[in-house]
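Position chains B and C relative to chain A; hints supplied.
Chains as they are written, first to last, in my numbering: chain A, 1 to 252; chain B, 1 to 645; chain C, 1 to 418.
Derived by calculation from the structure, the hints in this document are not laboratory data. A couple of the hints might just be wrong.
Negatives, chain A to chain C, calculated, CB over 10 Å [claimed, not checked]:
1) Trp-124
2) His-210
3) Ala-229
According to the in silico footprint, chain C covers these stretches of chain A (three or more CB under 8 Å from chain C) [claimed, not checked]:
4) 84-92
5) 110-120
Below, in silico cross-link-like pairs of lysine to aspartate or glutamate (DMTMM-like), each with a Cα-Cα straight-line distance of 25 Å or less [as the list claims (entries may be wrong)]:
6) C:Lys-251 x A:Glu-132
7) A:Lys-113 x A:Glu-136
8) C:Lys-251 x A:Glu-100
The structure displayed is predicted, hence computed values, not measured ones. Glycine included, each C-beta is placed from N, C-alpha and C at the ideal position.
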Amino acid sequence: MSTAHPKAQLLEVSGVSVSFDGFKAINNLSFSIGPAELRAVIGPNGAGKTTFMDIITGKTRPDAGRVIWGPRSQSLLALSEAQIARAGVGRKFQRPTVFEDQSVEDNLMMALKADRRPFRVLFWRPESRDRERIAELAETIGLAGMLGRRAGELSHGQKQWLEIGMLLAQDPQLLLVDEPAAGMTPAEREHTTALLRSLAEQHAIVVVEHDMEFVRRLGCKVTVLHEGAVLAEGSLDHVTRNQEVIDVYLGR
Amino acid sequence: MLRAFVLALALAFALPVAAQAQTPDLGAVLSENAEEIAKPSRRSVGPVIEALVASGAPGVAEFLARWQEREVYQRESDGRFVYIEDGRMVGVADGADLGAAPEDGLDQIRPNGGVRREIAGALVQFQLSAPDPAERRAALDAISSDMARDQIAPLEASIPGEELAALKARKTRLLDMLTARFGSDTEARTAAIARMSSGVSVELRGVLNQILEVEEGRGATLPPDANLARLRVPGSDLGIEAAYAELVKADLAPAPQSAEDLRQALAAHIEGGSVGGLPLARLSDPEARRAAYDALAAEGRVAPFVGPAEMMAAVEAHVFYALYEEPDAAVTTAAAEALAAVETRVALSEAVDISLDALSLASIYFLAAIGLAVTFGVMGVINMAHGEFIMMGAYTGYVVQQVIPDYTVSILVALPLAFAVTFAAGVAMERLVIRWLYHRPLETLLATFGISIALQQLAKNIFGTQARPFTAPDWLAGSMVISDVISISYIRIAIFVLGLLFLGLLLFILNRTRLGLEVRAVTQNPRMAASMGINPGRINMLTFGLGSGIAGIAGVAIGLYAQVTSEMGANYIVQSFMTVVVGGVGNVWGTLAGATLIGFFQKGIEWFNPSNTLAAQTYMILFIILFIQVRPRGIVALKGRAAGQ
Amino acid sequence: MTPSSRPSGLAALIRATPSLPWFLGALTLFTLLVTTLSEALGTGLVSTSFLKVLGMTLCFCLAALAMDLVWGYCGILSLGHMAFFGIGGYAIGMWLMYARTEAIVAESLANQLIPPTEAEIRDAIGAQIFGVVGASELPWIWGLAHALPLQLLMVVLVPGLLALVFGWLAFRSRVTGVYLSILTQAMTLALSLWLFQNDSGLRGNNGLSGLQNIPGFEALPQAQVALFFFWASALALGLGYLLFAWVVAGKMGGVIRAIRDDETRVRFLGYPVEGFKLFVFTLSAVVAGIAGALYYPQAGIINPGEIAPIASIYLAVWVAIGGRGRLYGAVLGAGFVSLVSTWFTGGGAPAIDLGIYRIDWVDWWLVLLGLSFVLVTLFAPKGLGGLVDLWTARQAPERHGSDLGPDEGALREPEAER
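Next comes chain A alone, as it looks inside the complex (with noise of 0.2 Å):
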């Protein structure tokens, strides 16, 4: 639906390279995805795909290569972690990451897009529409019942629930989704895959799964990484059929 989106790139990534210790872990890569496309990348492990996703969110600074950005086409290389999440990048991670220590409720509520300067954090207090939109996102992500809970109390799963949440509560227009479905029943899965594809609608979001099945279930463009660099780029049928990615993935 949004290959052939004439619209200027969201985000371009143009022959990045890093090494660490002379290990190229990313090897002159160039990716780019439109303001709303659904992006899967797969790979076998030690492709790249962790790397590459810390490379746009700022973690990791390439040793080379461009990261333009947006309609202003700015350079998130010159940006902190805290700056490109601000730009509108948000990143879920594949481990689940919340503040266990902390009600899912305060999770959201920290995760909710609002001025993130430390004296507006100090006076901020939720209004009412800040309480509306929270109970909008934890009845999406199925917690509606257990604002209260520790995070830490949560299943797995639903720790991956809540992690979604916050993602959509920062209000992106770029998600870095990393193995959403791991950890999740079926049923759980097709939530997913189906929240995954309506946010598409207005979104950017990049998957990151091993899971092939998933991955058809997006049925989305997918892009192959392999040695950190781009093997092979199209439909998941087109993909599957190229013979470098067949030897990739079954070993030589």
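Only chains B and C this time, still in chain A's reference frame:
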């Protein structure tokens, strides 16, 4: 013994002289000056000694030596001077046996300290050619400590006969110094000065500085024909007030009034509640005080006020200068040039000396910190009790020395014993406390701090609060002197060697042994290491023991040159942390680099500001805080995934 | 509970910090009790010297609160907070000493025939204060010492600025965990070494003394002065508790606890983590400075030894023993340990005769403290506050606040993940 060589020396010196003069007679000179010799006084003995030396008689040297030693007697009956040998009198002049020494009738001649110094001065010229090199060296020392014009000739005369190269060189240098200071013709002096410019010794600099001694003067004009060292310009290299004070001192200007003088002058002229027409109550204002004083001055009751303008005018009307005491401009110019050359060389030598100091400081920091770095790097554990392990090592040394009195043996015993004691303590601590706190580094830090205060107080209770002696053996005492400027104590060399040894040992253990392999595996990925059959608990225990054991050995080394007290560990702990932080974690080379950087930096600051070691430490810590800005992970940093989040 | 039923204002504060009314009530009761037992206004059962000890303990409690905010809530183990406490003490001590010396000098100069000029008064004050270090000039840092309001401003400004600059440098370069602790310790060491110098302008190791004499109140008996300071300390502690309860109750509290638990994650939520840390660090430094400014007039003397790194570590020990991550824990720990410490080191505890050896607590207290601290860390990581949990656990299952005990396997401090 003394007599034997004085005789020999007298002969050696007297022979050439005897060849010129015809049969000089010691007896005649003695009887001529009998009274002065018998009761010498410092003031008048000079000419007598001169006469004795000038006579060139063969027995003069011996006589002077024994005179100085109070071994000369005067027979009351005829005033003859005798020595007493084996209970018999021997004539001074002719060596004639004058019979057994009687109980009475002999006066021992007792020259006082001043006279004996004069005699010693005269003896120097004899000693310069003494057969015993030690004696000649002593004579040279005597000359260099008290240089005088008349030493030039005897020194020069003794040079051709000098057999030892070292002494000959020293004599030549000393002659240059004497010539430079006291020589009679300009050319000889400037030549001597030019030769001197290649040395660095303290005495050489002393001589040059003496030649360049200046006297500060001031006056309406420059004195004519003076050897001007420099002009002192008021306002730039001389403060206006200081310049004016000089004028006042030289009676060239009236004394200025200080605020206190002003107040006293006013107080002395109070009349009915006011001074100079101003009521007392108003005089808390400096302006009013000045006005009152001026009023008094106008009446002529006090001296006119000297203010800044008056001072300035007086100072401008005079010239301030510094004159060389040495009148010969060619000599002072040469000396100034030579001094500049010498100072440059001295500065270079000092830099070398400081570097050696810094190197030894660095090796101390390295020894103190490397154990910490090992535990921190491998286990991510900060051991606040590390300083107390250093202290335990030092106290082990002290206790060993109580049992084994031989210093060398006791150190050889103390080193392994300290390692064993602290290794055991470290293992015990790891098993009992630290292993329960992995993944909670801040709590480990605090728990080990609890152990630290307990151990420190325990040491206080056992050994008391005063410092305990832990003495280095004699062969470690003293310093290796390379030149007057460069020297380093043997103990510091030993610590440096110990540091190198441990660097090598650690590198060997970590890179070449099975233990090292396992340690590195656990450092990089404990879970993976565990699944490969390595027992991380055992590795952690051994690593901690190793780190603590090294701290114990560092304690022995530090105890040797610093005081052994219960607080000594605390003095090193922060520096050790800094070393680890600056160097970078988990790397022996990083610790080495950190220790070197901190050692050199600290010595460098001390060099710029030698009086203030407290400030030096403050600056060092500030430097480290700023350093962290540039390299947050230390000099040798791990990169990439291994560095973690 | 539904989100819309969430209360607001004071009620929200009390809901978020249930200990607040309890604490303020207990503090008020304690203050009233001590007042009725004091020498100045009551039965005299509490001696003036013990009243001072109590007042100083309240100041320690306030400093511990500040420490708890940075460490217990934000995860920054600062080993330098007593430096801020000491700076507050120095700032107020400068005015106390200046004003008192000024009065003495004015008295001695008053009999002179000619009234003194301002410069003369200043010189005399300088000579009086700095005679012990062989100087007579008042250094520039004493430029504001004559004015109480300005010097009171310094009580908050200097610790605040130092914390701001240091924190900016440290947080900016992402120094965390143990590294940061050591860096704060180095800062404290640098400060105390600097103060130890005679030419630091603060009388070197002599420090500032005679601070118990409050200028303008010389006529008042010490019993009353001590009571006033006790009240002031209690008030400051109460206000400090209220302030911190407010700070940690709202979203701010959530963010700083989140920073403690997973700094990186907070960054990806878009929060400028460094700014938050800096805010917390500076705020707590300011509060520590105020605590110091109240403490030292009661102690009477301040010297650089009080700023030595060990003092700050003790502060951390108090908070840990009391139970970090909860405000009343810090107060409990500081009060309990410092009072027990006074009892042991003051010879209050009876010596134990073992026959072969006599355990004199003056000598053995530190050994006991050190070991019990290790035991608390190992076996009771929640500290004294854990006792409160045992009691409240029966009533309300919901807990708000951290407990990073060994049983909480899921919770780890971020640096442990390396």
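Verification of the hints:
1. Trp-124: violated, 5 Å
2. His-210: Given a closest Cβ separation of 22 Å, the condition holds.
3. Ala-229: Non-interface label stands for A:Ala-229: nearest chain C Cβ at 25 Å, farther than 10 Å.
4. 84-92: holds (count 4)
5. 110-120: That given contact holds, which follows from 6 residues of the segment 110-120 of chain A lying within Cβ reach (below 8 Å) of chain C.
6. C:Lys-251 x A:Glu-132: holds, 17 Å
7. A:Lys-113 x A:Glu-136: Roughly 14 Å separates the two Cα atoms, so the pair holds.
8. C:Lys-251 x A:Glu-100: The given pair, whose Cα atoms are some 16 Å apart, holds under the 25 Å limit.
Checked against the numbered hints given earlier, the structure breaks only hint 1 and satisfies all the rest.
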